[in-house]
Every structure is written in structure tokens, then in C-alpha cells.
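Novice: Sequence:
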Amino acid sequence: MTDRSADHESGSLALARPFLDRIVDLTFDRPYGSRHPRCGYRYPVNYGFVPGTRAPDGEELDAYYLGPR
23 MTDRSADHES GSLALARPFL DRIVDLTFDR PYGSRHPRCG YRYPVNYGFV PGTRAPDGEE
83 LDAYYLGPR
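Residue numbers (our numbering): 23 to 91.
Don't read these hints as lab results, they were simulated from the structure. These figures come from a predicted structure and were not determined experimentally. Even for Gly, the Cβ is constructed at its ideal location relative to N, Cα and C. Treat the hints with care, since some could be wrong.
Claimed, not checked - Pair by pair, the computed Cβ-Cβ distance ranges are:
| no. | residue 1 | residue 2 | range |
| --- | --- | --- | --- |
| 1 | L37 | V67 | 17 to 23 Å |
| 2 | Y63 | R39 | 24 to 30 Å |
| 3 | D84 | G62 | 16 to 22 Å |
| 4 | P40 | G62 | 32 to 38 Å |
With these hints in hand, go ahead and build the complete structure from the sequences.
Specialist: Structure representation (C-alpha cells):
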């Protein structure tokens with residue numbers, strides 16, 4: 023069983039924590055309703071990344087925008 027307590031948060035969450043509850047510039051490369059390029063499902067939210075960041079997978083830090091369309 024994996025411990026998901028605050029003492030063992032993921033690397034991505036640790037990197038995202040400084041951005042929480044702040045206004046942040048985002049780049050959306052998969053807007054609401056668009057289709058995933060390989061799987062074909064539709065995105066139920068605006069999906070993108072925080073420019074200038076680097077997540078543990080080497081890509082920019084992922085971001086979902088849950089506000090008005």
C-alpha cells in the first residue's frame with residue numbers, strides 16, 4: 023500500500039504548491055472539449071501547463087483550469 027500522507031507528497035505536488043491560490047500564467051494546449059491526440063477522448067477542462075517550470079517527468083508542470091470557459 024502506498025502512503026499518500028502530506029509527509030510523502032508527490033514531486034509534482036511539491037513543485038505546484040507555490041502556485042496554489044495565486045494568479046499564474048498558463049498555456050493551454052488542449053482546450054475544453056478538444057480531443058486527446060492519441061486516445062480520442064474529450065477534455066472536460068482546459069488543460070495545459072505552467073510555462074518555465076519543469077515537472078519530475080521533464081515536461082512543464084501540468085495545469086487544469088476549472089473556471090469559466
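Novice: Which of the numbered hints are not met once you compare them with the structure shown?
Specialist: none
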